[in-house]
Structure formats: structure tokens, C-alpha cells
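Engineer: So you can see what is in the structure, the chains are spelled out below.
Protein chains: 2
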Amino acid sequence: MAGKNVLIVYAHQSSGSFNAAAKDVAVKVLTEKGCTVDVSDLYEINFKATATVEDITGGVKDPDCFSYAEETKLAWEEDKLSSDIVKEQSKLKKADLVIFQFPMYWFSVPAIMKGWIDRVLTLGFAFSPEKRYSEGMFRDKKAILSFTTGSFESMFSPNAINGDMNVTLWPLQNGILHYCGFQVLGPQIFWAPAHVSRSDCSTMLDGWRARLQNLLNEQPIDFPLLEYFEKDTGFQLKPEIVELRATEELGISVGIHQGKKVPPNNQMRWHVKENRF
Amino acid sequence: MAGKNVLIVYAHQSSGSFNAAAKDVAVKVLTEKGCTVDVSDLYEINFKATATVEDITGGVKDPDCFSYAEETKLAWEEDKLSSDIVKEQSKLKKADLVIFQFPMYWFSVPAIMKGWIDRVLTLGFAFSPEKRYSEGMFRDKKAILSFTTGSFESMFSPNAINGDMNVTLWPLQNGILHYCGFQVLGPQIFWAPAHVSRSDCSTMLDGWRARLQNLLNEQPIDFPLLEYFEKDTGFQLKPEIVELRATEELGISVGIHQGKKVPPNNQMRWHVKENRF
Numbered sequence: 239m240a241g242k243n244v245l246i247v248y249a250h251q252s253s254g255s256f257n258a259a260a261k262d263v264a265v266k267v268l269t270e271k272g273c274t275v276d277v278s279d280l281y282e283i284n285f286k287a288t289a290t291v292e293d294i295t296g297g298v299k300d301p302d303c304f305s306y307a308e309e310t311k312l313a314w315e316e317d318k319l320s321s322d323i324v325k326e327q328s329k330l331k332k333a334d335l336v337i338f339q340f341p342m343y344w345f346s347v348p349a350i351m352k353g354w355i356d357r358v359l360t361l362g363f364a365f366s367p368e369k370r371y372s373e374g375m376f377r378d379k380k381a382i383l384s385f386t387t388g389s390f391e392s393m394f395s396p397n398a399i400n401g402d403m404n405v406t407l408w409p410l411q412n413g414i415l416h417y418c419g420f421q422v423l424g425p426q427i428f429w430a431p432a433h434v435s436r437s438d439c440s441t442m443l444d445g446w447r448a449r450l451q452n453l454l455n456e457q458p459i460d461f462p463l464l465e466y467f468e469k470d471t472g473f474q475l476k477p478e479i480v481e482l483r484a485t486e487e488l489g490i491s492v493g494i495h496q497g498k499k500v501p502p503n504n505q506m507r508w509h510v511k512e513n514r515f
Numbered sequence: 239m240a241g242k243n244v245l246i247v248y249a250h251q252s253s254g255s256f257n258a259a260a261k262d263v264a265v266k267v268l269t270e271k272g273c274t275v276d277v278s279d280l281y282e283i284n285f286k287a288t289a290t291v292e293d294i295t296g297g298v299k300d301p302d303c304f305s306y307a308e309e310t311k312l313a314w315e316e317d318k319l320s321s322d323i324v325k326e327q328s329k330l331k332k333a334d335l336v337i338f339q340f341p342m343y344w345f346s347v348p349a350i351m352k353g354w355i356d357r358v359l360t361l362g363f364a365f366s367p368e369k370r371y372s373e374g375m376f377r378d379k380k381a382i383l384s385f386t387t388g389s390f391e392s393m394f395s396p397n398a399i400n401g402d403m404n405v406t407l408w409p410l411q412n413g414i415l416h417y418c419g420f421q422v423l424g425p426q427i428f429w430a431p432a433h434v435s436r437s438d439c440s441t442m443l444d445g446w447r448a449r450l451q452n453l454l455n456e457q458p459i460d461f462p463l464l465e466y467f468e469k470d471t472g473f474q475l476k477p478e479i480v481e482l483r484a485t486e487e488l489g490i491s492v493g494i495h496q497g498k499k500v501p502p503n504n505q506m507r508w509h510v511k512e513n514r515f
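Line by line, the protein sequences give chains A and B. Numbers 239 to 515, taken from our numbering, label the letters of the first sequence in order. Numbers 239 to 515, taken from our numbering, label the letters of the second sequence in order.
Because the hints were derived from the structure by calculation, they are not lab data. There could be a bad hint or two in this list.
When chains are identical, the list treats them as one kind, so a pair holds in a single copy or across two.
[To be verified] Calculated pairs, DSS-like style, for lysine-lysine (alpha carbon to alpha carbon, straight line, at most 27 angstroms): (1) Lys299 <-> Lys311; (2) Lys271 <-> Lys329; (3) Lys332 <-> Lys266; (4) Lys325 <-> Lys286; (5) Lys286 <-> Lys332; (6) Lys469 <-> Lys318; (7) Lys325 <-> Lys499; (8) Lys329 <-> Lys286; (9) Lys311 <-> Lys332; (10) Lys476 <-> Lys318; (11) Lys499 <-> Lys476; (12) Lys286 <-> Lys318; (13) Lys271 <-> Lys331; (14) Lys469 <-> Lys332; (15) Lys369 <-> Lys329; (16) Lys271 <-> Lys325.
These numbers come from a predicted model, not from an experiment.
With the hints as constraints, model all of the structure from the sequences given.
Structural biologist: Next up, the structure:
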């Protein structure tokens with residue numbers, strides 16, 4: 239892993255938090271391994287979360303019917319994005335691995351991190367109609383969600399009140415990370431650190447410390463290739479792929495479940511690539 | 239519907255946008271129906287999206303290990319929340335229906351709306367360990383997500399590249415709205431208005447206008463009752479519920495799929511309450 243660049247996008251208000259400790263462990267281990275580690279400490283830099291016209295310097299093309307995606311694409315092409323966005327994009331550009339470290343708020347990332355996603359992953363820079371998913375801009379980069387929950391693991395099962403964690407992960411891992419092409423590593427989930435003993439918290443951090451030793455060599459989660467989908471039918475699975483999978487009891491993924499059973503823990507870890515044809 | 243209070247939480251930067259038109263249609267129809275309609279225009283009021291210590295006036299209990307949930311709960315109890323949060327909470331308190339109107343950004347709400355969710359739905363005010371889901375604080379209120387997408391509907395199917403829209407809706411509708419007890423009405427999805435003709439946009443708005451006539455009388459989406467889950471086993475389904483459903487081919491919901499097939503369009507509309515025992 240020596241020589242690799244790592245960006246940690248970090249969102250917690252307090253340096254005394256479990257999230258801070260998890261971030262610090264990552265910085266330490268990866269630096270020791272010879273990586274160059276950069277941290278975007280979003281609360282510390284008071285990162286602007288909201289997608290507004292101020293993200294574009296100079297005038298916009300259509301002020302009467304402002305489209306954030308279109309206007310920021312143009313601004314990116316013309317070097318007119320605001321300096322805080324440019325700064326994050328340049329960190330992201332050189333990163334081989336991006337770690338998102340955050341407390342889960344309302345089954346998703348906190349607003350300040352959603353703001354980083356909304357503002358930094360500009361159309362043109364992070365994706366285009368042609369460069370998405372397995373053909374995505376960042377297909378040479380890896381990314382991982384590392385987060386704490388308020389609930390215990392038992393509550394996030396396919397038989398429990400919060401539902402399958404894999405369903406909650408899908409929009410984040412498929413809809414943001416894989417959408418931009420990232421190779422998505424299995425999430426690092428710290429279950430309810432606020433509700434367990436200090437010793438259990440230490441054990442969780444030890445697990446993270448151990449995993450980090452070899453993190454960059456892990457196999458990413460399997461997503462179907464873009465070429466399995468037919469552009470002319472609105473990116474539906476090609477008939478030959480459906481045919482090849484006809485006797486499979488399980489769908490391809492939690493999102494692309496094909497009306498079949500959901501493959502267990504599909505968004506949690508690498509599985510044998512049974513969906514490659 | 240006369241006499242009802244409606245709150246529209248609205249997040250678009252431009253008054254010339256499709257989202258603005260959808261919001262305006264809702265204000266007009268519901269006002270004509272005799273409702274009192276309040277709009278929180280988040281970009282217009284420059285709503286603060288980030289959850290910080292400034293949300294609490296006066297000192298916090300544990301500045302060295304700041305927990306946003308715990309500190310804001312305390313601040314809510316002691317009337318120390320910042321005035322912008324208090325203002326939104328007082329609007330929410332009197333609302334019979336909340337409409338969230340937004341463009342989908344990255345398979346979720348824009349950061350400014352996530353900020354409203356993170357900051358306004360305070361522990362104690364919006365939920366507590368005892369008052370969640372079907373026993374939630376807001377079980378006498380209704381809520382609906384009304385949003386535009388960048389992709390066409392075909393891309394959000396169980397056989398397409400973005401995956402089943404129901405999976406994407408689960409964390410929002412179950413994890414936020416139903417979590418607080420809201421009766422969740424089927425989402426109003428405006429598919430890719432930026433990519434269709436002006437006339438197709440008008441047709442979509444006409445559909446919304448028609449639906450609004452009777453919106454408050456719609457049956458909400460069905461979620462399993464809190465009492466179906468066993469607190470002592472981490473809110474897993476009670477054995478007797480599992481037993482009662484043993485011969486069912488489909489799971490209870492897209493999230494609580496029980497390792498079975500996902501019920502089609504489970505998060506889209508009311509279905510016959512086949513999961514009530």
C-alpha cells in the first residue's frame with residue numbers, strides 16, 4: 239500500500255468522539271504503511287453544505303431557471319467553480335482510496351457530508367452520461383463507508399424493525415460511489431458505540447486497525463457491468479443476461495433484485511463474482 | 239380537507255424550476271380546498287444545513303465529547319434550541335400534512351433538506367426510544383415525498399441499472415418519515431422533467447393537481463406495527479408473526495423482506511393491509 243494516496247472525508251463535530259478515534263486510527267495505520275493521508279474535516283473547515291449559485295464564480299448561464307447540475311458542469315469546464323469545491327476535487331483527483339467517516343444520521347450521511355457529495359461530485363468531473371457505473375470516472379479508485387450507528391446490528395436485519403442494512407446501503411453505495419465508478423469496499427460499520435462499554439469500543443477500533451493493514455488489497459463489492467444493460471430500453475438488463483440468470487433463485491443485487499430473493503449481505507462484502515458472464 | 243394545516247418543506251434554488259411549479263400547484267390547490275398552507279423555502283431562508291454546537295444556545299453539557307442527539311435533546315427540554323429550529327418545529331407541530339418538495343440529488347434529498355431533517359427532528363421532539371414507528375410522535379400526521387428525478391422511470395426498476403426505486407425510497411420513507419410515526423403517502427415522482435417536452439411537464443403537473451384534490455384522504459403505505467417486533471431480541475419479528483407468514487411467498491416490505499421476494503412497489507402506494515394480524 240506504500241505510495242498510495244488516501245483521502246478521508248470526515249464528519250464529526252467533536253475530537254473526543256468515537257468517529258474521531260476511528261479517523262485517527264486510519265490516519266495512523268495508513269501513514270505507517272507508507273500512504274499519504276489527507277483529511278477533509280468538514281465541520282472543522284465549516285464546509286458549505288448547500289448547493290447554491292454562489293458555487294459558481296461570475297455569472298450563470300440561465301439565472302431565471304437555474305439548474306445546479308448544468309451550471310456547475312459548465313463552471314467546471316470553464317474553471318469557474320468556487321475555490322472550496324476545486325480544493326476538494328483536487329484532493330479527490332489524486333486519491334487512490336476515499337474513506338467516508340461519519341455517524342449515520344437518519345439512515346444516511348449527515349447533511350454536511352451530503353453537501354460534500356452534492357457539491358464536489360460535479361457533472362463532468364465525477365460522471366457523465368457515458369461514464370457511469372462500471373465505466374465511471376473513478377473506476378481506478380476505491381471508496382469505503384466507515385460509520386457508526388445509533389441502533390444495534392440486530393435492528394438492521396431483514397427480519398427487524400429498521401430493515402436490512404443492505405437496503406439502506408444501496409442508495410449510498412450504488413447510487414453515489416459505484417455511480418461514479420468507485421470500487422466499493424465492504425462498509426466498516428461500528429454498531430452503536432454510544433451504547434456499549436468502553437472495552438467493546440476498543441475492540442471495534444482494534445478490528446478496524448487490523449482491517450486497515452490490508453484494506454487497499456481487499457476485493458470490492460460486486461456490481462453488474464454497465465454493458466449488461468441495454469441503453470435503448472432505458473438501461474434494462476439485456477435479454478441474454480436475464481436468460482443466463484433464469485434459473486438463479488437470487489437476484490443480481492439488493493437493488494437489481496429482478497423480483498427474486500435478495501442476495502444476502504449483497505452490499506456488505508465481496509462475494510465470488512457469480513454475476514460475471 | 240378544509241381546516242387542515244399543511245407544511246411544504248421546499249428545496250429548489252430557482253423560482254423558474256419544475257420543483258417551484260410543483261410547489262406552487264400544491265399551495266394553490268390546497269389553499270382553494272380550505273387548507274392553511276405554510277412553506278419553508280429552504281434556499282430562500284438560507285436554512286443552515288449543518289448540525290453544530292451553535293444549534294444550542296448557552297453552553298453544552300459535554301463539550302469535550304459532543305453528542306448532537308443528546309445535547310439537542312437536552313436543549314429541546316430546556317428551551318435552548320436555536321430559533322431557526324424552534325420555528326420549524328412549531329410549523330411542524332401544527333401540520334396535519336407535510337410535503338417534501340425537492341429534486342432528487344444522488345438518490346436522496348439535497349443536503350439542505352437533509353439538514354432540515356437532521357436539525358428539526360430532534361430526539362425528544364420527533365422521536366424517543368419508546369415513541370417510534372407505528373407508535374411514533376407524529377402518527378396523527380401525514381407526509382409525502384414529492385420529487386423530480388434526473389433519470390427516466392425505466393432506469394429505476396428491479397431489472398435496471400439504478401435498481402428498484404422502492405429500495406432507494408426505503409431509508410427515506412421508513413427510516414425518517416415512518417420512524418417518526420408519520421403516515422407515509424405514496425411518493426409523487428416526476429420522472430426526468432428536464433428531459434421531456436414542455437407539454438409532458440404540464441401533463442405531470444396536471445396529474446399532481448388532480449391528486450392533490452383528495453390527497454389527505456389517501457390511504458398511507460402499509461408498514462408493520464411496532465408490536466410485531468420483540469424488544470428483547472433487538473426488535474426482531476416475533477416468532478408468532480414469522481409463523482403466521484410462513485407460507486407467504488413475499489416478505490413484509492422491501493426492507494423487512496425476510497429473505498423472501500420483495501413485494502412489488504411496496505413503497506409506492508397503499509396496498510391491501512395483508513400484513514395486519
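Engineer: The structure should be examined with respect to each hint, and the outcome stated for every one.
Structural biologist: Hint-by-hint comparison with the structure:
1. Lys299 <-> Lys311: Answer is within; shortest intra-copy Cα gap is 11 angstroms, inter-copy 44 angstroms.
2. Lys271 <-> Lys329: Classified as within: same-chain Cα gap 20 angstroms, cross-chain 52 angstroms, threshold 27 angstroms.
3. Lys332 <-> Lys266: within (20 angstroms within a copy, 50 angstroms between copies)
4. Lys325 <-> Lys286: For lysine 325 and lysine 286, both the intra-copy (13 angstroms) and inter-copy (22 angstroms) Cα distances are at most 27 angstroms.
5. Lys286 <-> Lys332: For lysine 286 and lysine 332, the Cα distance is within 27 angstroms only inside one copy (22 angstroms; across copies 31 angstroms).
6. Lys469 <-> Lys318: neither (32 angstroms within a copy, 54 angstroms between copies)
7. Lys325 <-> Lys499: Answer is neither; intra-copy 43 angstroms and inter-copy 45 angstroms both fail.
8. Lys329 <-> Lys286: both (17 angstroms within a copy, 26 angstroms between copies)
9. Lys311 <-> Lys332: Intra 20 angstroms, inter 41 angstroms, cutoff 27 angstroms: intra-copy only.
10. Lys476 <-> Lys318: neither (40 angstroms within a copy, 57 angstroms between copies)
11. Lys499 <-> Lys476: both (20 angstroms within a copy, 22 angstroms between copies)
12. Lys286 <-> Lys318: Both. Shortest intra-copy (17 angstroms) and inter-copy (24 angstroms) distances satisfy the 27 angstroms Cα cut-off.
13. Lys271 <-> Lys331: within (21 angstroms within a copy, 53 angstroms between copies)
14. Lys469 <-> Lys332: So lysine 469 and lysine 332 fail the 27 angstroms test inside a copy (31 angstroms) and across (47 angstroms) alike.
15. Lys369 <-> Lys329: Answer is within: at 20 angstroms inside a copy they meet the 27 angstroms cutoff, but 43 angstroms across does not.
16. Lys271 <-> Lys325: Answer is within: at 25 angstroms inside a copy they meet the 27 angstroms cutoff, but 50 angstroms across does not.
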